[in-house]
Amino acid sequence: MEIINLEGTEETPKVVLDKDNGIFEISGRSLPEDVSAFYGQVLQWLDKYAAAPNPETHFIFKLEYFNTASSKIILDVLSKLEGISGAKVYWYHHDDDEDMEEAGREFSDIVDGVPFEFKTY
Amino acid sequence: MKYVYDLHKIMIANNLILVYEGEFTQEITKSVLAMAERNMDAIGEIANVKRKVFNVMVECLQNIVKHAEDLNEKDEDGLKNNAIFMLGKQVNEYIVTSGNPVRNEVIPNIQGKLEKVNALDKEGLKELYKEIIKNTEISEKSGAGLGFVDMARKSGEKLGFSFEPINDEFSFFTLRVTVPRDNS
Numbered sequence: 001m002e003i004i005n006l007e008g009t010e011e012t013p014k015v016v017l018d019k020d021n022g023i024f025e026i027s028g029r030s031l032p033e034d035v036s037a038f039y040g041q042v043l044q045w046l047d048k049y050a051a052a053p054n055p056e057t058h059f060i061f062k063l064e065y066f067n068t069a070s071s072k073i074i075l076d077v078l079s080k081l082e083g084i085s086g087a088k089v090y091w092y093h094h095d096d097d098e099d100m101e102e103a104g105r106e107f108s109d110i111v112d113g114v115p116f117e118f119k120t121y
Numbered sequence: 122m123k124y125v126y127d128l129h130k131i132m133i134a135n136n137l138i139l140v141y142e143g144e145f146t147q148e149i150t151k152s153v154l155a156m157a158e159r160n161m162d163a164i165g166e167i168a169n170v171k172r173k174v175f176n177v178m179v180e181c182l183q184n185i186v187k188h189a190e191d192l193n194e195k196d197e198d199g200l201k202n203n204a205i206f207m208l209g210k211q212v213n214e215y216i217v218t219s220g221n222p223v224r225n226e227v228i229p230n231i232q233g234k235l236e237k238v239n240a241l242d243k244e245g246l247k248e249l250y251k252e253i254i255k256n257t258e259i260s261e262k263s264g265a266g267l268g269f270v271d272m273a274r275k276s277g278e279k280l281g282f283s284f285e286p287i288n289d290e291f292s293f294f295t296l297r298v299t300v301p302r303d304n305s
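Protein chains in written order, with the numbering used here: chain R, 1 to 121; chain H, 122 to 305.
Possibly wrong hints are sitting among the right ones.
[Unchecked claim] So, partial list: chain H residues that the calculated Cβ filter (under 10 Å) puts toward chain R: (1) Asn176; (2) Val186; (3) Tyr250; (4) Lys255; (5) Arg302.
[What the hints assert, rightly or not] Okay, the calculated beta carbon distance ranges per label pair: (6) Leu139(H) to Asp18(R): 24 to 34 Å; (7) Asp20(R) to Asn213(H): 46 to 56 Å; (8) Ile110(R) to Ala168(H): 49 to 59 Å; (9) Glu106(R) to Glu142(H): 33 to 43 Å; (10) Glu142(H) to Asp20(R): 47 to 57 Å.
What the hints contain is simulated information worked out from the structure, not anything from laboratory work.
The beta-carbon is built from N, C-alpha and C at its ideal position, and this holds for glycine as well.
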């Protein structure tokens, strides 16, 4: 399966989606003006992946900041993971970033079909 | 040239560390954010406060960019590039202020969202955030007021706002959001 590997910018996150190596990660900053344009490829990739997923999918979110427009589409990404058996979310936040931790906890409340593990960095 | 000195004095008197007036785009949003970040870094602002100010600034600036498109496309009124953004720093708080023209007919909608947000406490805002995020399509341009909810949560204070009439069609919408500095 194709690999998505996007370098992060000041307004878009680093994205790595690599089935063969079992790497699934979105990290950095997410505040694009057009969130659909950026995340469309991620959602499409996940649809294809969901048809034949690995036995385990450890999806890492290591976000420093995201805007409210991104938050809706992050929920879409998480909802896709709900439909993949063996999926687990690793939600990273800075030690002192309570807002990011709380954002993760809120997502985990909404998306109850996928387990979350919280980690600091 | 006295107006330069006057403007300078007004900025000092109001503790304004950043003022931008003119056209608002995503590119300009990024520049303004970078300047504010550098400014807060330079004074050694703590990370938690910096992140909250950044957060409020993004929502504020992107609101202006998004809604500038709602104005007269041909810009016959000359209002399209007529918005202002300010960041002020007091001893106890940062103050993010923005002003932009809006159509008079959208005022009740904006005001309703702000009043709803201002009537809620921390827990209420959290519930409203979850409710909106679950039920909103990304394509909905107005964002259903998620930006206001997020700003209120990051601020912990009520959102200040006013509408000053420009003419029969437009008013100048001002939004003021404070972020406490000593919220450890």
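Cβ-Cβ distance between glutamate 142(H) and aspartate 20(R): within 47 to 57 Å?
Holds: the Cβ-Cβ distance is about 52 Å, inside 47 to 57 Å.
Outcome of range test on Cβ distance (isoleucine 110(R), alanine 168(H); 49 to 59 Å):
Hint violated: Cβ distance 27 Å, outside 49 to 59 Å.
So, lysine 255(H) near chain R? Judge it on the closest CB pair being under 10 Å.
holds (6 Å)
In this structure, is the beta-carbon distance linking glutamate 106(R) and glutamate 142(H) contained in 33 to 43 Å?
Since glutamate 106(R) and glutamate 142(H) have Cβ atoms about 36 Å apart, the given range 33 to 43 Å holds.
Taking 10 Å as the limit, does the beta-carbon of asparagine 176(H) come near enough to a beta-carbon in chain R?
Interface hint status for asparagine 176(H): holds (7 Å vs cutoff 10 Å).
Check the following: the C-beta atoms of leucine 139(H) and aspartate 18(R) are separated by a distance inside 24 to 34 Å.
Hint violated: Cβ distance 41 Å, outside 24 to 34 Å.
A range of 46 to 56 Å was offered for this pair. Does it hold for the Cβ distance of aspartate 20(R) and asparagine 213(H)?
holds (53 Å)
Agreement of hint arginine 302(H) with chain R interface, Cβ distance less than 10 Å
This interface hint is violated because 15 Å lies over the 10 Å limit.
Does the closest beta carbon of chain R sit nearer than 10 Å to the beta carbon of tyrosine 250(H)?
Since the shortest Cβ distance to chain R is 7 Å, the answer is holds.
Restraint outcome when valine 186(H) is required to lie within 10 Å of chain R by C-beta distance:
holds (7 Å)
Checked against the numbered hints given earlier, the structure breaks hints 5, 6 and 8 and satisfies all the rest.
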